[in-house]
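Turn these sequences into a full structure, and let the hints guide you.
Chains as they are written, first to last, in the numbering used here: chain W, -16 to 771; chain X, 6 to 163; chain Y, 297 to 567.
A portion of the hints provided could be inaccurate.
Computed footprint of chain W on chain X; a stretch qualifies when at least three of its residues, placed anywhere within it, have a C-beta under 8 angstroms from a C-beta of chain W [to be verified]:
#1 8 to 15
#2 52 to 58
#3 144 to 153
Now the in silico label distances, taken between C-beta atoms and shown as ranges [stated by the list, open to error]:
#4 X:Lys120 x W:Ala56: 55 to 63 angstroms
#5 Y:Asp536 x W:Glu704: 41 to 49 angstroms
#6 Y:Asp536 x W:Arg430: 46 to 54 angstroms
#7 W:Pro118 x Y:Asn540: 19 to 27 angstroms
#8 X:Glu127 x W:Gly153: 21 to 29 angstroms
#9 X:Glu127 x W:Arg562: 45 to 53 angstroms
Hints listed in this document are in silico derivations from the structure and should not be mistaken for laboratory results.
For clarity, every value in this text was computed on a predicted model and none was experimentally measured.
Glycine included, each C-beta is placed from N, C-alpha and C at the ideal position.
Here is what each chain is made of, one letter per residue.
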Amino acid sequence: MAKPRFRHIGAALPRKEDLRLLTGHGRYVDDIEIPGALHACFVRSPHPHARIKAITTDPARQSSGVVAVFTGADLAQWTTPLRMAPPIEGLLPVEMTTLPMDKVRFHGDPVACVIAESRYLAEDAAERVEVEYEPLPAVADLQQALAAGAPLVDESLPSNLVSVQKYSTGDVAARRREAHRVLECAFHQQRMTHLPIETRGCAALWDEGRQHLTLHIGSQVPHPLRTQLAARMRLSESQVTISSPDVGGGFGQKIALYREELTVAAASRRLKRPVRWREDRMENLLAASHAREDSCRTRAAVTKEGRLLGLELEILEDFGAYCFYPANYLARVVAMILTGPYKLRDYAFEVKVALTNKCGNGPMRAPMAVTSWVMEGTMDAIARELALDPLEVRRLNMVEPGDLPYTMPSGEVIADITPRETLEAAVKAIDYAGFRGRQAAARREGRHLGLGLCSVVESTTYGSKFYKAAGIPGSGHEAAWLRIEPSGAVNASLGLGATGQGYETAFAQVVADGLGVEPSQVRIQLGNTDVAPYGMGSRGARGGTAGGAALYLCARDASEKVLAIAAQMLGFDSAEGLRMVDGKVEREILGERVETGITLAQVARTAYLDPTALPAGMAPGLDFSKTYDPPPMTYSNAAHACEVEVDVETGAIRILRYLVAEDCGTVLNPFVVEGQQHGAIAMGLSGALLEHMRYDEHAQNITGSLADYLVATATDLPNFEVLAMHTPSRSNPVGTKGMAEGGVMGATGAIANAVNDALAPFGVLAERQPLSPDYLRSLLRSARRGAR
Amino acid sequence: MLDFELTVNGERHAVRAEPRKLLCDVLREDCRLTGTHVGCEHGVCGACTVLIDGRPARACLTYAVQMQGHEITTIEAVAKDGKPSALQQALHEAHGLQCGFCTPGIVMTFEAYLKENPRPSEEAVREVLSGNLCRCTGYQNIVAAILRVAQAASDGKA
Amino acid sequence: MKPAPFRYHRPQSLGEALALLSGHPDARVIAGGQSLGPMMNMRLAQPAELVDLNDLKNLSFVNEHENALEIGALTRHHAVATSPLVRKHCPLLAEAAQTIGHYAIRSRGTLGGSLAHADPAAQLPLVAATLGAEIAVAGKRGERRIAAKDFFVSLMSTALEPDEILVSARFPKAAPGERHAYLQFSRRQGDFAIVAVACTLLHQKLKIGIGGVEDKPVVLLDLEPSDPAALGRAAREAVDPTENPRVPALYRKELVEVLVKRCVAKCLTSS
Ligand SMILES: Cc1cc2nc3c(=O)[nH]c(=O)nc-3n(C[C@H](O)[C@H](O)[C@H](O)COP(=O)(O)OP(=O)(O)OC[C@H]3O[C@@H](n4cnc5c(N)ncnc54)[C@H](O)[C@@H]3O)c2cc1C
Ligand code: FES
Ligand code: FES
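Structure below.
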């Protein structure tokens, strides 16, 4: 496809959404005024695992301001259970009711819902709901989960192992036998949570007359959410409207239909009154959704020169107690894209996922975050083992531009990526060549510097073919709608759910170029399922790729009709040579652009108000819709480089420099893209250094506040140096490749590699995150003991 | 329930609320000023930061009833006649916000801080900003925006 | 996360406040609310009566005496940190106060609240213990003065009776030629310290205070300003960290050694 030349796409346009958000006039769920709304508060289990013997709600019902108290038995009458049973080999089907009835499965599991006049009164009453529990032995970690005779988290399963997938291509055993060395590496990523600064929440309004439910909820995926909500309430999709207003961050936490939200919706219908729920931070930490907690091992067979001959990967993931997603879905992607930019034929993986008595997992910005750490940590291990330069090992194994498109050993195809170019640019910019000298000089002064590299190949956009091949039901398409109003105003929408990505601006730029108007003429209307077309929403990094393409193609359709009408108005036989620029129709005469005097407003007026003036056979109006299903998978790529200093006496890590060279294809808006790069890297570093959702050995959550769950603040992060090396994708109509998660992947790996580089003289290796100071000290301590 | 008066952004509001009602909730629900956000209710995230008599404070750690006789300023009063403050404008130009949920707290903190310290170093800005969590931006553009305001102020004076 | 109901009192004088406390066994005073607020929101504290001290403006002051500064209980951390008197005469106190929490927290939190709250990792109890401050408390039987070493009893527990109010603390002025240093190690800026160390040097005698390690600040007195590393090792042996699921005791000991070494070195080279 020829590279389209853009007038507005790629411009650094400050965001349209800023003014309202800066002045306190944003509208987040909790800002919507709903007269007479009742407030919900959930009673949560203090036990990680216990049988529910009885629930006494009477004292709570009598508490001041209380309207109702509902339990699992009530909800079971009004809603259907969630069955998670996609046809994936090795994945066992599971099911959950809206609220648990027989037993609780984690500390924070909701067992009852109090509805009262205010949240204050609801909390008072929640303390008076008496639940009689019979505590059961709990499963606190993977080891316990897989032990013989372990208590069953889900009693419908034969064991806690809910999913196992194996794959092998080539002959890894043969490669091991012929290898110069076989080395094994381990990577343990801790449990985390998304922590949007706006917690979950919703407000449900049941209209008894119309038998219609409106749910205001911050959602990344309004349409799929509506489909699920309607089904679980035994309503049709035409009886449900999802309205997602401004959303205070999602990061994957605002995709699933959670049990609390379904409960609130059902309560509103039952009580015929509006009911709202704002999760508090303690609930958010304990019970919203967790993520990660993977133990990965690689076994690499290598030649003397450091060439990778064969690679085996083993992943074990702790998925928590409930499956809001297919349990294999996150870890499997890691296995499929692990090898990234490296050439390899012989590869095998085994992915196991176990249930434990913890809050259920879900995808968190870069569900495959651990990938690049595992691969690039393995590259560093090869270099260490063979006393080679880690950069040389990467150069030796990396695909050359001429190898592309390249089929990874998992069968995934990478094309239109630039791993070598970005890597070379990154090492040059960070002065890799000079670093070893600086490092040696610093060591002489007792300062320990380290440099880490991390190449990232980010799977951004999943097409329907990918899902089909992976056995996951659902679609990868996105949908766009565009209407030019009689005045010439342009409204457009997508199925995406905005959570801060600047969609209202970047997509106005897409429409501007596709249609030929100014971005200021375009209003992007998102989040309301009565307006938005049925798309799959925002997850992964598909917004710019799938959404951008759908909208661009939709705007091209609109442009075609507009120009056809303009041609008719001008008395031309065809629209050839016509185009619209910033709402004015121009004509090309002998290579010169001449204004025709026709404007979009005139065309629109004709289309709506004077249809007889339209070309013969043309339908009135200017209303367009389009869907777009992207290729099976779209990849973008980046190279990260990070320089740290480790204070070996305290274990503290200071980031001295952080740099990324990234290629995400056509950039819709460089402000937005750079903001996403910063945000993703920040989240990766925050996770690698600080975040840790901890349970004690009895599976009690000990991370119930923001003084326990630590995320990076402004003093923990450096300024990021960004090298923009974008080359358009040839398979996407706009040329975008997607981004926004790769930064997490790269940062996770780059900082770990940098810290291990700094620790190298001590002969110790950090294999776990977070890289907390006491963990580093424990490593250094053992090193010294070993030396003695 | 108690009846009392609050002065918010120079306007008087008659409030009827329980003494335990948090200032953030009264601002949002009773005064209908929803720009003050609630992100943790234990003082850490900074989203609820408002000014009490010109000094920044967590509205989630204050009971509204305590605020009788004090002047409260919220994000809604920062732009004057629809014109954003220098700080708001700089945040817009430097792409210092994404989802915007943390933004009001950050603006309130720095409206106060920059009055007290008009020409802070980057280190000082980051130190103060560490009291406001932002999960979206990585902070870099927020820091840049604040430094831009400081720079403009000192250019103006020079 | 909303507080349980309480009755609210807003006394206009110390006497009125004291009467409220002695009249209601389940009453609690609130000053800055920066520690009590979170506890009440989480319902870890549920006082039936809340006695708001914020109108007692005469409890907010920094007064200079011949050998000491007297600081009112209601003085905010920010005012302590930026007060010219405190900076001049108790620079250690000003420096430590500047590291408490965050800007907005320091604008509200009070000296009296921090001392009364007695978090073992808090800056102000550590400085009070290290400098040998004297704490004045008022009760219905009148006022009494308690030496810091007797005031801090254990984890969040002090010599304050439930019906007493902390009114001020008297910090000795730094003597001419006295040097000081403060260092703390926390996971992030503004977090409570894992270990904090304050030290002063006068007439070749070192005083070292260590916070965050035991259930109250540990003060080592009259040390010879010898090799900082040796002092670090000695301090490590002198402390007995409380077990904590988040930070292993051994790590705390290591931090004590490193921070004492660094803090002493900083003190010796300070002017
Ligand atoms: C995010 C955050 C970070 C923080 N970081 C730190 C930190 O790094 N270091 C640190 O030291 N502190 C920190 N704090 C706590 C802060 O310093 C508090 O201000 C201080 O601990 C308590 O002071 P207050 O005035 O707010 O007291 P309040 O919260 O009002 O009261 C605390 C306790 O003291 C009692 N009390 C208060 N005043 C008196 C009085 N005059 N007489 C008798 N009893 C009284 C109260 O009844 C209550 O039991 C932090 C707080 C937050 C929210
Ligand atoms: S809501 Fe007040 S600080 Fe987080
Ligand atoms: S912009 Fe989203 S939390 Fe700061």
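Legend entry - Verdict for W:Pro118, Y:Asn540 (Cβ pair) under range 19 to 27 angstroms: Check passed, 25 angstroms falls within 19 to 27 angstroms.
Legend entry - Satisfaction of the hinted span 46 to 54 angstroms by the C-beta atoms belonging to Y:Asp536 and W:Arg430: At roughly 32 angstroms between Cβ atoms, W:Arg430 and Y:Asp536 fall outside 46 to 54 angstroms, so the hint is violated.
Inset, instruction - Could you say whether the range 45 to 53 angstroms given as a hint is met by the Cβ separation of X:Glu127 and W:Arg562? - result: 47 angstroms Cβ-Cβ, so the 45 to 53 angstroms window holds.
Inset, instruction - Go ahead and decide if the range 41 to 49 angstroms is satisfied by the Cβ distance of Y:Asp536 to W:Glu704. - result: 46 angstroms, holds
Legend entry - Cβ contact check, 8 angstroms cutoff: the region 144 to 153 of chain X against chain W, three residues minimum: holds (count 5)
Inset, instruction - Starting from the hint 55 to 63 angstroms, judge whether the C-beta atoms of X:Lys120 and W:Ala56 obey it. - result: 58 angstroms, holds
Inset, instruction - With 21 to 29 angstroms as the target window, see if X:Glu127 and W:Gly153 comply at their CB atoms. - result: 52 angstroms, violated
Legend entry - Verdict on chain W covering the region 52 to 58 of chain X, where coverage means 3 or more residues with a C-beta closer than 8 angstroms: violated (count 1)
Legend entry - Verdict on chain W covering the region 8 to 15 of chain X, criterion of 3 CB contacts below 8 angstroms: violated (count 0)
Going through the hint list in order, the structure does not satisfy hints 1, 2, 6, 8.
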